[in-house]
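Engineer: Next come the chains, spelled out residue by residue.
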Amino acid sequence: MSQETTSNKYLQVNNLVKWFGDDKAVNDISFGIDEGSFLTLLGPSGCGKTTTLMSIAGLHTINSGSIQVGGLVYTEPSQSIFLAPEKRDIGMVFQSYAIWPHMSVTQNVSYPLEIRKFPKSEIDDRVAEVLALVDLTDMASKMATQLSGGQQQRCSLARAIVSSPRLLLFDEPLSNLDLKLREQMRLELKRIQNEVGITSIYVTHDQAEALVMSDDIIVMSKGNIEQTGAPLEIYSQPVNKYVSNFIGVANLLEARISKLTSPGHAEAVVSYEDMTVQLPCKIGVGVKEGDDTTISIRPENVHIIREKTNDQCIEGKVENAIFLGNHVDCRVSWGNFEWKVIAHPRDRLKAGDKIFLRFDSEHTLAVQ
Amino acid sequence: MTTNTLGNNTKPTRWSNRLNALCTQENIITIVVSIIVGVAVILPLITLVISSFLVLDDLGFDTEWGFGNYIEIVTDPVIPKAFLNTIIICSGCTVLATLLGVSLAWTNARTNCPGRAWLEPFNLIPFFLSPFIGAIAWHNLGEPQTGLLNNLARDVFNIEGAILNVDNIWGVIWVTGIFFAPLVYLFVIGSLRRMDPSLEDSARTTGAGLLKTTMTITLPLVMPGILSGAIIVFVTSAGEFGVPFKLSAPYGWETLTTQIFTKAVGDDANHYLGATMAMALGAITIFLIFIQRRYIAPRSFETVTGKGFRPNVLDLGGWKWVAFAFNIVFIFVAVVLPIISLIIVSLHPVWTGEIVAEKLTFINYTKTLFFWDENSIDAATNGILNSLFLAFVGASIAMVLALVVSYMIHRTKGAGSAILDFLCVVPIGFPGIVLAMGVLVTYIQTPIYATLWILLLGYITRFFPYGQRNIASIMLSISEELDQSSRMAGATWVTTMRRITIPLLKPGIFAGWILLFVIFLRELSISIILYTSGTETLAVGVYYLSNFENEPLTAALSLAQTVLCLICMFAFRRLAGKEALTA
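In the order they appear, the protein sequences are chains A and B. Anchor point for the first sequence: position 254 equals 254 in this note's numbering, and the numbering is continuous, going up by one each time. Here this note's numbering runs 1000 ahead of the position in the second sequence, where the first position is 1.
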């Protein structure tokens, strides 16, 4: 069945609006993703990411806009179309895993196939195949309640992919795991998704998870999309202060663009209290000469030097230096401003050292 | 999986889309159930209000509109006194039940009283038994001439006359007080158990003694629970029919419930006047329940820290044996003594107050229990069969309603859920006898009148909220994601209910079912209004024997009912666990 589509993307969300009472949880957002890719909706709690996911799942209705996947319209209130969640052919991994405690691992995983009336032999084959994929073959006959957190997680994933659905949804699935397991599961999830190739949407507030796993990231805040792009793009070229602060760590300072030097490059006058320095920088989308902007510099792009080399260096004092093995986490004071700097252990920095900070124009970004 | 098998939106029109969107399994079932619950709960109450403004003329055939019934309940020679007696009984019962319930809960939860863990189930036994049976048993114990305790006192201490007389308003307070003490107990035990012990410890470090700490810290902290329990006891005792009917009404102390009963049945029955009295009683109880739900219950969370620690208990020193003795005495007086009296009396062909060993017989059991026996008494044997039927069918239907209603309130959370939540409180606010009057005046001209079905309707309407609460408490502890993930796996709403939701709620459903089964087995105040010859229930059978036959037959059937209730209690405790009934 083919339906005329407004876009050639596999999943297309158009002008999605969702109200909860007087709160606009999702404010007219649109995005699309290609078949087989992995999209992450990233943002703090209350940014509308889970609401967006639930809208795609059909676990709540939307107020306006439309959602379609592979040419099938899931919901479009203006046409009074609302496809029940069970008719959307979606696999979903929930935050609490939602493994049914009254069933065994095999019963949990075969459930979607039983519902779809697969023949018994095929159910057995597919369940065995999927359990092998998530490395739960030994646990097949165990009751779901006997599994550890990480195993429940994998059981939940197996159940979501067993019927080869047209879409896979993840609602913060790793947030209940401890750090070590979480880091391991990130890679595992990504490997399995790659292997089965199902288009996936992943919701998280953990930026590291988003960077590791995604093909594309959508950064959201207060119901709006702040930026869409590949992980490297989002990290190295955040479009605004919000994104650069949310993804990774950044030194953020107010600055005014004094003059444009070449396309995409400018001189910015950075001032903090009574200190001023002029820095060459790259400029973000929509930044013009004379604009008040925010300068964003990642800690790993701040270089500590012992001797002043030019006027674009600033003088600071090391407040503390924490040795973390492969790098040193420093705080450098510049007047009352505290720079976050990642230094190399061989610099042998210690608290109280007078040093200079140098910046690369390529990694100094002026954003709105 | 191809798209063909899923979702079919080929050139649909907007209106057919909208219709399709509305006609989901979930919507259809919930709308049907809401209508059933709404009609069942609201219709009798509306009819009750309307009936109270219909005045029967002197000949007793025609009615006209007016306030005559309201004038009559004020000017009647008996009714105002009955009203006063009701207030005295409720107040006395509330004070006694609260004192007993709170002190038992405190000893079991906060002190090192010996054996407190195994004492608790025995403290709660009266909750599962019928206060009417309690009244019958205590009548056998404390009647001035034939009472066992009085005879014992005369034999052993050579006392003239009687040391005890329960056939009066104080007897009613005594029996209802000990039978409703578990209600208060259940309201306070949860917050006492979960209370942070450091609150008490810090009071002790300031130099406050045990008594001072308990009075100034512990009890004030659980005060919302105490007040809730007290209000529930007041409302329950206001609607209690069996105890005043047995102990006080025959001796000149009428209450509102016995007066409603007199007006609802009998030769000079005046349903409209009965409905008016029921209105007056219902207005008081629903007001109190409203206060409890609106102002007192929400505050009770403030005292609870919610942490899962095991609180330290207070060391009572030598006083722990006093607490132990108090607990044992309560069990003896509330459970053991009444059952012993029923056993003794039921084994005598006639009861004169003396135990006559050579005349002991099982004839009373044959006559009341063996429906195939030619000497059996129909009212009693019918009662057993009818009650088993009503309890089984009633509990099953009520739990289905309770399940759907709980789902709507706690899962669907649509516009209707606030209304349904309200509909689940209303029946709790109206005593059984009041609701039964409403059911009677509503359905008296329909074919279901004088059948078991009208009893079934009354039972379910009045008591399904109890089952609903049982399910809701479990439903709230189960993640909604378990349901949602089944929908995402492709299962419809009905399949999800059948394969996921209901299996997960099974313990709650069974526990609620048994609770309703036991409530229906002992139910008196609805049955007494709605029964006719042939549709007697177990409790109506007891009433019949007590009124028209003799005490030994009454005792035999009472004991049979008690044994059934005790069996259900054991089943309930096994299924539901310790905390199931606590507020």
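Among the hints, a few may not be true.
Unchecked claim - Distance condition first, Cα-Cα at most 35 angstroms in a straight line; then the derived DSBU-like pairs of lysine-lysine:
| # | chain 1 | residue 1 | chain 2 | residue 2 |
| --- | --- | --- | --- | --- |
| 1 | A | Lys190 | A | Lys259 |
| 2 | B | Lys1367 | A | Lys120 |
| 3 | A | Lys241 | A | Lys180 |
| 4 | A | Lys282 | A | Lys308 |
| 5 | A | Lys180 | A | Lys340 |
| 6 | A | Lys142 | A | Lys120 |
| 7 | A | Lys87 | B | Lys1320 |
| 8 | A | Lys288 | A | Lys259 |
| 9 | A | Lys142 | B | Lys1320 |
| 10 | A | Lys117 | B | Lys1506 |
| 11 | A | Lys190 | A | Lys241 |
| 12 | A | Lys117 | A | Lys9 |
Keep in mind the hints are simulated off the structure, nothing from the lab. Values in this document were obtained by computation on a predicted structure and should not be read as measured data.
Engineer: Confirm or reject each hint.
Structural biologist: Evaluated hints:
| no. | hint | in the structure |
| --- | --- | --- |
| 1 | A:Lys190 / A:Lys259 | violated, 44 angstroms |
| 2 | B:Lys1367 / A:Lys120 | violated, 59 angstroms |
| 3 | A:Lys241 / A:Lys180 | holds, 30 angstroms |
| 4 | A:Lys282 / A:Lys308 | holds, 23 angstroms |
| 5 | A:Lys180 / A:Lys340 | holds, 26 angstroms |
| 6 | A:Lys142 / A:Lys120 | holds, 20 angstroms |
| 7 | A:Lys87 / B:Lys1320 | violated, 64 angstroms |
| 8 | A:Lys288 / A:Lys259 | holds, 9 angstroms |
| 9 | A:Lys142 / B:Lys1320 | violated, 47 angstroms |
| 10 | A:Lys117 / B:Lys1506 | holds, 26 angstroms |
| 11 | A:Lys190 / A:Lys241 | holds, 29 angstroms |
| 12 | A:Lys117 / A:Lys9 | holds, 30 angstroms |
In summary, the structure is inconsistent with hints 1, 2, 7, 9 from the numbered list given earlier, while agreeing with the others.
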